[in-house]
Amino acid sequence: DAGITQSPRYKITETGRQVTLMCHQTWSHSYMFWYRQDLGHGLRLIYYSAAADITDKGEVPDGYVVSRSKTENFPLTLESATRSQTSVYFCASRNREWTGELFFGEGSRLTVL
Amino acid sequence: AQSVTQLGSHVSVSEGALVLLRCNYSSSVPPYLFWYVQYPNQGLQLLLKYTSAATLVKGINGFEAEFKKSETSFHLTKPSAHMSDAAEYFCAVSDQGYSTLTFGKGTMLLVSP
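Residue numbers (the numbering used here), protein chains in the order written: chain A, 7 to 119; chain B, -17 to 95.
Chain B on its own, in the form it takes in the complex (with noise of 0.2 Å):
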């Protein structure tokens, strides 16, 4: 069975400071990695994936994550946090061959003025 962790429910940065949000995951096999971005009402919207080619993904937004192996993790970064980055976000794993999604918990990103 595959699975993520994300710690920390809450994350709160200050305008222009580094965002970082962490995602482990468990897999059995080589896993397809993805975060996906709730604003308030919304419904998810793809932020970025790692399907095994280049380990650091850029996604929309100005967000990256780097899929680190030895580590089973795949974190979510931002160099400088904007107002509007103020969201849940959600890592989710697949491996190659499985029709469905598994989510984490999720982590709500508050940014301050």
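Looking at chain A on its own, in the form it has when it is part of the complex (with noise of 0.2 Å):
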């Protein structure tokens, strides 16, 4: 089926090592987000993409990094996890035509030790 899908949906792991989270979708939308959500805090843009190999930071960037080699992906990569990195990311996509519409994925719980 169509849509946008993350992986992992869960994923524990230590301070310090790399964690790479996966979005991919299937509508072919030019523009793909990440974002995390915390208590008290809302959603967070993290980092944002317009199209394949083009990326541009958000609100919260550091400590993230991003590629776009093909429009339908668009991983998430902590280099060096912290504890404040724990979170529950959600990946969204839109058209290039903007009509308002974010479409979510279901997001990845994070938890960093």
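Calculated from the structure, these hints are not laboratory results. The C-beta atom is built at its ideal place from N, Cα and C for all residues, glycine as well. Warning: the hint list may mix true and false statements.
On the chain B side, residues computed to face chain A include the following (Cβ under 7 Å) [to be verified]:
| id | residue |
| --- | --- |
| 1 | F16 |
| 2 | L26 |
| 3 | F85 |
| 4 | K87 |
Once you've looked at the hints, go ahead and assemble the two chains, each given alone in its own frame, into the complex.
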């Protein structure tokens, strides 16, 4: 089925390890986004991408790396995980034409011990 | 910079009662405004949007919101709450030329029998 999928849905890791969260969408949407959701902070934008090979920082990019070699994939890497990166991460996508709607994945819950 | 403020991290209502979730925005240009809903363990989904057409906007599941420029508000209402409305609700803002949404911190709606 078409949609946006994230993997893994749950991940436990240790401080200092590298972690990659995957995001795949089947709509051929131009824009893709990574948000993190934390209690008391709502959703905060980490990085976004307007097209393949085009990425830009959001509100909280420090400690994260993204790439977009293919339109359908937008992986998020934590190069050296810290406890403050314990969060729920959401990937989202939208059409190039701005209708206002973002389509969200189901989230990846990451715990850094 | 744009921002939204949601008043009240939790709102409790009885089934059948009026639902009122408050959102105030700050934007230097005419904004686009949105309400998203998040059910437990799911991603966000669009409830309704204001994009400079009618100031009273109707969304899914009987929700509506009114854009009031003089009050810089975009409050979400529903005449009669159902148990199934229990979820977290996010207000979001974007200007007409910007690529991303800025979310509020969210309001958890609790519905009691």
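For each hint, the structure was consulted:
1. Because the smallest distance between the Cβ of B:F16 and any Cβ of chain A comes to about 6 Å, under 7 Å, the interface hint for this residue holds.
2. For B:L26, the interface hint holds, since its Cβ comes within 7 Å of a Cβ in chain A; the closest pair sits about 5 Å apart.
3. Hint status for B:F85 relative to chain A: holds, with the closest Cβ pair at about 4 Å, below 7 Å.
4. Taken as an interface hint, B:K87 checks out: its beta carbon lies about 4 Å from the nearest beta carbon of chain A, inside 7 Å.
Comparing the model with each earlier hint shows no violations; every hint is respected.
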